[in-house]
Amino acid sequence: MIAPLRGPSQRTSGRSRNDRLEIARRIVAATLLPRADQDRGPQVAAWRAWLFAGWMAITAIIYGLSMAGMRLF
Amino acid sequence: MLETLMSLLAVASIAAAAYGLGRPLVRGLGVAGDDALAVGVWSLAAGLVTAGLALVALGLVGLLSKAIIGVLTLAAGFWGLGELSRAYLMRDEQRRLGRPGPPAAPPGESAEPNWRQPPRWLARGLVALAGVAAVGALIAAAAPPTAGDALCYHLELPKRFLSQYAIVHLPDHDNSTYPLLVEMWYLWALALDGGVAAQLVHWGLGLLLALATVLLATPIVGREWGKCAGCLVLLVPGVSNQMTAPLNDVGLAAFTTLALAAWRRAAVEDDDPHWFLLAGWMLGAALGAKHLALLFAAAAGLAAVWHAWRQGERRRRLFAGLASMAVVAISVSGVWYLRAAWHHGNPVHPFFQEHLGRPQLAGRERPTLPADKTPLGRGPLALAPAPWQITMHPERFGGRAHQLGLLFLATMPGLLFCRRLRGVGMLLIISAGYFAGWFLMRQNIRFLLPLAPLLCVPVVWVWIESRRLPRAPATIVALVSTAIVACGAAVSAARCTNRLAVALGWENRGQYLQRHEPTFQAARWANALLPPEARILSQEHRAFYFHARLTRENIYRRQTDYDRGISTPDDLARRLRADGFTHLLLAESLNDSGVHYNDTLSRLANLAPPGAESPFEVLTDYEFSDGDEAVRRYRLVALKSP
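Chains P and V are the protein sequences, given in the same order. This note's numbering puts the first residue of the first sequence at 1, with every later residue one more than the last. This note's numbering puts the first residue of the second sequence at 1001, with every later residue one more than the last.
No wet-lab data here; the hints were simulated from the structure. As the structure is a computational prediction, the values presented were derived from the model and not from experiment. Cβ atoms here follow ideal geometry from the backbone N, Cα and C, with glycine treated the same way. Mixed in with the good hints there might be a few duds.
[As the list claims (entries may be wrong)] Distance windows between CB atoms, simulated:
hint, chain 1, residue 1, chain 2, residue 2, range
1, V, V1071, P, L65, 51 to 59 Å
2, P, A24, V, P1380, 54 to 62 Å
3, V, G1070, P, A24, 26 to 34 Å
[Stated by the list, open to error] What the simulated footprint calls covered on chain V by chain P, stretch by stretch (three residues with Cβ under 8 Å from a Cβ of chain P suffice, anywhere in the stretch; the number is not a length):
hint, stretch
4, 1319-1328
5, 1369-1380
6, 1400-1411
7, 1472-1485
[Stated by the list, open to error] Residues on chain P that point at chain V, a partial pick, calculated with CB under 8 Å:
hint, residue
8, N18
9, A24
10, I27
11, R48
12, F52
13, A57
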């Protein structure tokens, strides 16, 4: 008679402490490490990038002042 | 707290009943597939529209009773719970049987472009901020309604319809022949609970708007970035503000977005043609919610025709789909426009009354395009700075509370460095067409809410593309964007602070209204003292808390010119008694802030010389200070018997 083989143990519910640590480790790694990205495309020219960043910063400042009651433009 | 829980339970019943009505419809159309989010959203939306039409049908035959509505809600609600249980059990069964899913991508290689996945910190941060905004709006919505327009007609009309068991024409109420589908859902909530439940319905429509944005954005930027777009919609200050009051702009935006999302599935993604029918169902709901949907339909319709024309072999099929969509939309919304045409000779009454209305009213109606509704003017030179003006000075365009915030003005120029993405251009074209129409008609920023979901998708695309920026400017863009969305959440959280106590039951709803609603004291007096058949002529339009019938003085004056030939209070009292009035509600502004009332009635009522016996008896006389420093005086006055 051949002894029955035990199948791989399957947990039906719940997560072990190791699983939770693994999940936490992956979250931290995914947050901090850069992702391989082949679809990024060419970098935007510096002057255009600064133009956009400057626009955002200036509109934010003017908007903040407008909401505070100062009428600039 | 119990009152709040009961209101939440009423809204949950409405949602369950809507799902129960809509799920078979969506299943019958064979759309949405296995996508749980899509199935839920489309079922809920389709069910809401179906329920609204059922309430209209009940109203037209005079069967709008709380008992009938309650029984139908119970039946549909249990059906909805059954559908939910069925879906849960089927998913559980599939999981247990290990049904094979789509083939997994090889390690290190994604089936989709890498940009389809936002960074986790961004996705989770946005969900957290949107959650803060939604919870803030929920707390604010759990307080008794005090929004002016809501008390004037969004809640007042359903209350009147419910009390008369029918959708009736009210000649002394301009709004009674408007498209009123959203108000039908408020009527449903009023029948089950009250004003707070109605307010929570509009909060729920805000969530539906966010989910509709996810569905609209998914085919363009992917599901994960689509969720970011959905979160952004909730962080628009005007959206979270509207979710706290029972108005109809968020409901309109939800259904225009759903109509566009369904149309895209059929026409752009070349999916099942039944999507056209669902798109028509949703567009019909939008047209049934507000006249403004006509403007959206025109802008989106032109874009759809242009798209169909360019499709070559598919052209004929797309035009047939558009025609079927239009037929369904007209069938769903037509009742409101027919009703207005029947009573006023103008399907879009009171707009374009000078051209479409009956001749006897010509010249008496307010013009459709008054100059005071277009602070920027209508010239082409004024259109260019309009986005800047409405962002920086929203108080000129309907108030800061309704503003769209800085997000769109600050981010949209970023599209100039972005690569083209299929689908974004169409959204921008529709937005531009709608914005131009808005500019030419009425420049109120809350009428721009249907654009918020359309513009959130390009914003997300700019965010995706900003990874191509050099590090330093990319950091600035990220910091400013973070500040903008964080402010959106903070504004919503701050807005609810003075309503937290009443929402949690620490303060009585009556006490809250006594402090926040100017008409509440007069309404309590009137409800306690006046017989049910009393009729009040009122300078104040906020009528919801009065049990007696209120007639707006400005409409009565427009219809009768009653003030002509009145020289003494006795003349006035005689005239008003002859027209069936028993009481007056006089309202005056005591300073320059806030609302201003036409003083014709209070001036005529004050004509009595000192010492003479007045034909009026003052029942209550009080002053009320608003949060915006406006001080008003109210007098509830009885007309003495001769």
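Original post:
With 8 Å as the cut and Cβ atoms as the points, is F52/P at the interface with chain V?
Top reply: Holds. Min distance 5 Å.
**OP:** Between the stretch 1400-1411 of chain V and chain P, see if three or more residues pass the 8 Å beta-carbon test, and mark the coverage as holds or violated.
**Re:** Our answer is that it holds, as 5 residues pass the Cβ test (under 8 Å) against chain P, meeting three.
Original post:
So does G1070/V sit 26 to 34 Å from A24/P, Cβ to Cβ?
Top reply: 49 Å, violated
Original post:
Has the stretch 1369-1380 of chain V got at least three residues whose CB is nearer than 8 Å to a CB belonging to chain P?
Top reply: violated (count 0)
Subject >> Outcome of range test on Cβ distance (V1071/V, L65/P; 51 to 59 Å) >> reply: 57 Å, holds
Original post:
How about the stretch 1472-1485 of chain V: do at least three of its residues have a C-beta closer than 8 Å to a C-beta of chain P?
Top reply: Three-residue rule met by the stretch 1472-1485 of chain V, so holds; n is 9.
Original post:
For the pair A24/P and P1380/V, does the Cβ-Cβ distance stay inside 54 to 62 Å?
Top reply: About 58 Å separates the Cβ atoms of A24/P and P1380/V, which means 54 to 62 Å holds.
Original post:
Once the shortest beta carbon distance from R48/P to chain V is found, is it less than 8 Å?
Top reply: Hint holds; R48/P Cβ to chain V Cβ min 5 Å, cut 8 Å.
Original post:
Given A57/P as an interface hint, is the shortest Cβ-Cβ distance to chain V below 8 Å?
Top reply: 6 Å, holds
Original post:
Quick one, is the A24/P hint okay against chain V at 8 Å, beta carbons?
Top reply: 12 Å, violated
Subject >> Hint check: 8 Å Cβ-Cβ cutoff, N18/P to chain V >> reply: 21 Å, violated
Original post:
For the stretch 1319-1328 of chain V, do three or more residues have a beta carbon lying closer than 8 Å to a beta carbon of chain P?
Top reply: violated (count 0)
Checked against the numbered hints above, the structure violates hints 3, 4, 5, 8 and 9; every other hint is satisfied.
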